[in-house]
Amino acid sequence: MSTPIPEIPETGRIAAVDYGTVRIGVAITDPDRVLCSPLENYNRRSPSKDAQYFKELAELERIVLFVVGLPVHLSGDESQKSYEARQFGKWLFETTNVPVTFYDERFTTSMAKDMLQDAGLTKKRRKARLDMLSAQILLTAFLENPNRALGSISGLDDR
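Residues in the sequence shown are numbered from 1 upward in steps of one, following UniProt numbering.
To be clear, the hints were calculated from the coordinates, so they are not data collected in a lab. Beta carbons: idealized from backbone N, C-alpha and C, even for Gly. Be a bit skeptical, because a hint or two may be false.
[Stated by the list, open to error] Derived EDC-like pairs (lysine to aspartate or glutamate); straight-line CA-CA distance at most 16 Å:
#: 1; residue 1: K127; residue 2: E40
#: 2; residue 1: K49; residue 2: E94
#: 3; residue 1: K90; residue 2: D50
#: 4; residue 1: K81; residue 2: E59
#: 5; residue 1: K55; residue 2: E94
[Unchecked claim] DEER-style ranges, computed between Cβ atoms:
#: 6; residue 1: T122; residue 2: I8; range: 23 to 33 Å
#: 7; residue 1: K55; residue 2: G120; range: 31 to 41 Å
#: 8; residue 1: S110; residue 2: N147; range: 21 to 31 Å
All chains should be built: construct the whole structure from the sequences, respecting the hints.
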């Protein structure tokens, strides 16, 4: 079950996740949340390797919150992909024990595509950067307006 955004420390790194079934874009803030940068695209491998990746990310970067992009329709209604992203968020919390919040990711991919096109990158280089740039755009939006979160998972009562 989702709840409003959990209380989070005033400092500490936040990571955004642009969820995909094949590739996951990851962006991260600095500890003071002044900057957010694309980190990488993680190519999914297996449930155990995915868990190892996210556990290590959470520990090494000292993540205090994950923001998972929630694909919703223009009307604001959720879709099958929204359900999958919420299931991933639940798994992410259970795997890392780091609170997870969901945030509307509408237009992040199209904005990222436009930015990469404007940068004059080749199609191959645009594809290589798309998901992590989408995650950065998502993270920037969250930092600017965290009250627009679409629910969170942050404790045993949420499962």
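Structure-based check of each hint:
1. About 12 Å separates the Cα atoms of K127 and E40, which keeps this hinted pair within 16 Å; it holds.
2. Simply put, K49 and E94 have alpha-carbon atoms about 15 Å apart, close enough for the 16 Å limit, and the pair holds.
3. Simply put, K90 and D50 have alpha-carbon atoms about 14 Å apart, close enough for the 16 Å limit, and the pair holds.
4. For a cut-off of 16 Å, the pair hint linking K81 to E59 is broken: about 28 Å separates their Cα positions.
5. A C-alpha spacing of about 10 Å is found between K55 and E94, which places the hinted pair at or below 16 Å, so the restraint holds.
6. Distance hint check: the CB atoms of T122 and I8 are about 39 Å apart, inconsistent with the given range 23 to 33 Å.
7. Look at K55 against G120: about 38 Å separates their beta carbons, and that is inside 31 to 41 Å.
8. Between S110 and N147 the CB atoms are about 24 Å apart, so this pair conforms to the stated range of 21 to 31 Å.
In summary, the numbered hints that this structure violates are 4, 6.
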